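Peer 1: Per our numbering, residue 1 is the first one in the sequence shown, and the count goes up by one each step.
Incorrect hints may appear among the rest.
[To be verified] Pairwise CB distance ranges (calculated):
hint : residue 1 : residue 2 : range
1    : Tyr-97    : Asp-8     : 28 to 36 Å
2    : Ile-7     : Asp-96    : 14 to 22 Å
3    : His-57    : Pro-82    : 30 to 38 Å
4    : Asp-28    : Asn-72    : 15 to 23 Å
5    : Asp-12    : Arg-95    : 14 to 22 Å
Note that these hints are calculated values from the structure, not bench results. It should be emphasised that the depicted structure is a prediction, and the values quoted were computed from it without experimental measurement. Virtual Cβ for every residue (Gly too), placed ideally from N, Cα, C.
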Amino acid sequence: MTVGNQIDRALDAVSHTYRRRLLVALLDHSPRYGMGALRAGNGVGTDLQASEIQLFHSHLPKLEKQGYITWNRESGEFGKGPNWGEVEPLLRLLRDYEDDRP
Numbered sequence: 001m002t003v004g005n006q007i008d009r010a011l012d013a014v015s016h017t018y019r020r021r022l023l024v025a026l027l028d029h030s031p032r033y034g035m036g037a038l039r040a041g042n043g044v045g046t047d048l049q050a051s052e053i054q055l056f057h058s059h060l061p062k063l064e065k066q067g068y069i070t071w072n073r074e075s076g077e078f079g080k081g082p083n084w085g086e087v088e089p090l091l092r093l094l095r096d097y098e099d100d101r102p
């Protein structure tokens, strides 16, 4: 995979608020993280049921397919995947400059 493709994949991964919040949350919560922690940390939207449906049916599978996370569907836990290193620098940048965004 070319560097350009890796950048495109990383930008696609963080293009949705739920995926971005989930990935940034994993920066500080390693190796496993679950929905309970996301709820407590307000990592998902205010409508928790709708947020969880979107996460389980769209966002978590996408991030797992990209290799950014591993995901246990039974327990609901997820952690850093084998391609985590591709997206981590972008996540650190987003987290470090979160308050500076318009």
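Peer 1: Each hint: holds or not?
Peer 2: Okay, the hints, checked on the actual structure:
no.	hint	verdict
1	Tyr-97 - Asp-8: 28 to 36 Å	violated (21 Å)
2	Ile-7 - Asp-96: 14 to 22 Å	holds (18 Å)
3	His-57 - Pro-82: 30 to 38 Å	violated (23 Å)
4	Asp-28 - Asn-72: 15 to 23 Å	holds (20 Å)
5	Asp-12 - Arg-95: 14 to 22 Å	holds (18 Å)
Checked against the numbered hints given earlier, this structure breaks hints 1, 3; the rest are met.
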